[in-house]
Amino acid sequence: MKRRVAMRVNDTEVTAAVEPRLLLVHHLRDNVGVHSPRVGCDTTSCGACTVLLDGRAVKSCTVLTVQADGASITTLEGLGDEGGELHPLQEAFWQEHGLQCGYCTSGLIMAAITLVSEAEGQLSQQEVRKALSGNICRCTGYVNVVRAVQLAARLMRERNPGDMNHGAFPNE
Amino acid sequence: MFPSAFNYEAPTSIAEAVGLLTGHEDARVLAGGQSLIPLMKLRFAQPSLIVDVGRIPELRNLEMNEGMLRIGATVREAEIENAPDVCRAFPILRDTVCVIADPLVRNMATIGGNLAHGDAENDHPATMIALDATIAVRGAGSERLIPAGQFFRGLYETALDPAEILTEIRIPALPRGCGTSYIKLHRQAGDFAIAAVAVRVTIDGDVVRDSRIVYTAVAATPQRAVAAENALRGQRLDTEVLAMVAETAAGALDIHDDPRGTAGYKRRVLRAITGRALRLAGRRAAEQELR
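Chains as they are written, first to last, in this note's numbering: chain B, 1 to 172; chain C, 1001 to 1291.
Everything labelled a hint here was simulated from the structure, so no lab data went into it.
Some hints could be false.
As the list claims (entries may be wrong) - Some chain C residues judged to face chain B by a derived CB distance under 7 Å, without partners named: (1) 1001; (2) 1003; (3) 1008; (4) 1037; (5) 1103.
Claimed, not checked - Calculated Cβ distances over 12 Å to all of chain B for the following chain C residues: (6) 1061; (7) 1084; (8) 1089; (9) 1160; (10) 1161; (11) 1172; (12) 1177; (13) 1205; (14) 1207; (15) 1209; (16) 1210; (17) 1241.
Given the structure is predicted, the values throughout are model-derived calculations rather than measurements.
C-beta: ideal position from N, C-alpha, C; glycine also.
Produce the entire structure from the sequences given, and follow the hints as far as they go.
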């Protein structure tokens, strides 16, 4: 039997009637039309489906849509501002060439958000690698990914020096 | 992949959850879902009813006072990791939580789910036995309190009845002179253990008065090395004693092969990590004395 769910996805209220077994990643892609969360491994390993669920980065292939009823979801689409300016993490991945095929990139960026927005100083390589240990990239070897996340933390501090969250969530 | 169809209920009280489970033999309790959902996607589990306990406020409590730490069943692993007072009081909890899966999974996964799943490769079971924790469960009758050492019965089998839910974990405060640690060997980030060990030592003067040594991923349930604990009593934690204790522990256990290692390899791993974990716990016990 279908259940009615309501959630906020990137500042838009979305309601739908879904089967309880529908995974959040499929709801986002097929019902909401948000395509940055990707189905990579489908086994909770690769992190390509990472989204923020009430501010916490989770793997949306391993969350039931009904579990997210009433929640606030942020995907990569919710990061850049309306004027088309890139979010510091997007900017940094571009500058440092932190991607090749790009399939894992939205997941990496969503997984890195909390780390870069809470960073008080320069992030060490080890801190970044730990925070991204739930994400797999098969192209880059991670070196440029780590550099990009380190740069993003610097960009955030420069853009929003007084802001506790360094403007991590411009739409809120 | 997606699970086979099921009915879904999200009760807001423990009593309501127990009522839903009663008479539903193939119902399953969903907490964070990080073990159960993958099993359902593979169709290893095909429950007809899912009772989601994630919306029950009573299960979300995390509270530490002088004598006791109480952790509600649906407290997330990341919440424990980010509770500095809890990590300071119980270094082994921090050790354990930080090696469970990966940070994204830990944002969803719960401590109650980790224990109730009954998987001897999970990390909390050995730690809870080492800490002499009590697991509180609730069914139709009154609350039952089960010592962690009696909770794990077999592969995916616990002391929980089908119509009971795990509600809280209660951990007694560590006495003075007590040090703890958890050391896990795994092949890559996010993987289950090849083997891991949870250790608690209480030092009196400079000898061990009491200890717990409990292993993850060596058999169908966590394995306590009682012979090694006895051998350690009254000894100083020096290199020779550590080697002797590790040898006693590794030699006495009935270790099973699994895809992450043969019994022979796991035995070698145990010899290495046991001494390492005891040394770390001993150092922490000494640091705690100084505070």
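Right, here's what the structure says about each hint:
1. 1001: With a minimum Cβ separation of about 5 Å from chain B (threshold 7 Å), the hint on residue 1001/C holds.
2. 1003: holds, 5 Å
3. 1008: Constraint on residue 1008/C satisfied, holds at 3 Å.
4. 1037: With a minimum Cβ separation of about 5 Å from chain B (threshold 7 Å), the hint on residue 1037/C holds.
5. 1103: holds, 6 Å
6. 1061: For residue 1061/C, whose nearest Cβ neighbour in chain B is about 19 Å away, the distance exceeds 12 Å, so it holds.
7. 1084: holds, 14 Å
8. 1089: holds, 23 Å
9. 1160: holds, 22 Å
10. 1161: holds, 24 Å
11. 1172: holds, 30 Å
12. 1177: holds, 32 Å
13. 1205: Holds, because the least Cβ-Cβ distance between residue 1205/C and chain B comes to about 38 Å, which exceeds 12 Å.
14. 1207: holds, 37 Å
15. 1209: holds, 36 Å
16. 1210: holds, 34 Å
17. 1241: holds, 33 Å
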